[in-house]
Amino acid sequence: MAALSRDLFLKGEVDEVRIVTSRFVNTLTQTPISVELLPIGEITEVKIAGAEPEEALAADTTEYVFEPNPNVVLSYLLPHYLNIVTYLAMVNAKASEQSARMVSMKNATDNAETMIKDLTLEYNKMRQGFITQELLEIAGGQSG
Numbered sequence: 001m002a003a004l005s006r007d008l009f010l011k012g013e014v015d016e017v018r019i020v021t022s023r024f025v026n027t028l029t030q031t032p033i034s035v036e037l038l039p040i041g042e043i044t045e046v047k048i049a050g051a052e053p054e055e056a057l058a059a060d061t062t063e064y065v066f067e068p069n070p071n072v073v074l075s076y077l078l079p080h081y082l083n084i085v086t087y088l089a090m091v092n093a094k095a096s097e098q099s100a101r102m103v104s105m106k107n108a109t110d111n112a113e114t115m116i117k118d119l120t121l122e123y124n125k126m127r128q129g130f131i132t133q134e135l136l137e138i139a140g141g142q143s144g
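Here the numbering used here is used: the first residue of the sequence shown is 1, the next is one more, and so on.
What the hints contain is simulated information worked out from the structure, not anything from laboratory work.
Predicted model, so just to flag it, every value in this text is computed and none were measured.
Heads up, the beta-carbon is just placed ideally off N, CA and C, and yes, glycines get one too.
Careful, some of the hints might be misleading.
[Claimed, not checked] Per label pair, the in silico range of CB-to-CB distance:
hint, residue 1, residue 2, range
1, ASN71, ARG101, 40 to 50 Å
2, GLU36, TYR76, 14 to 24 Å
3, ASN111, THR31, 24 to 34 Å
Whole structure, please, built from the sequences with the hints as guidance.
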């Protein structure tokens, strides 16, 4: 899927590629999301605990040299990036599905146990009523 969407985007047949999927939050919560796959938007910085402050990083004027050039590096990394984002979307969707199944089966089991308790109680009441009726018939037959 990632290769097909990349090819369609590069040929200009599509302007944008989005993945609409679910994001696994926890066992009871999955949220629908729309992830922009292509074009790749602005890359934002990730805050890492213990990293240098932004001012120190902004003041750093070190220039990096890519071997081979940046275009070759990016053209190598782009398919991997698309595969990783697609894989992440599929893993989240699968985790959400399995979580929903687990919650559904637990609810079904709980409902079945409640139903069994209710039916057992009803059965025992009916049985007790029949026994009481038989005892009354026996007692009524002896006195007459």
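Against the structure, the hints come out as follows:
1. ASN71 <-> ARG101: 40 to 50 Å: Because 45 Å falls inside the window, the suggested range holds.
2. GLU36 <-> TYR76: 14 to 24 Å: holds, 22 Å
3. ASN111 <-> THR31: 24 to 34 Å: holds, 26 Å
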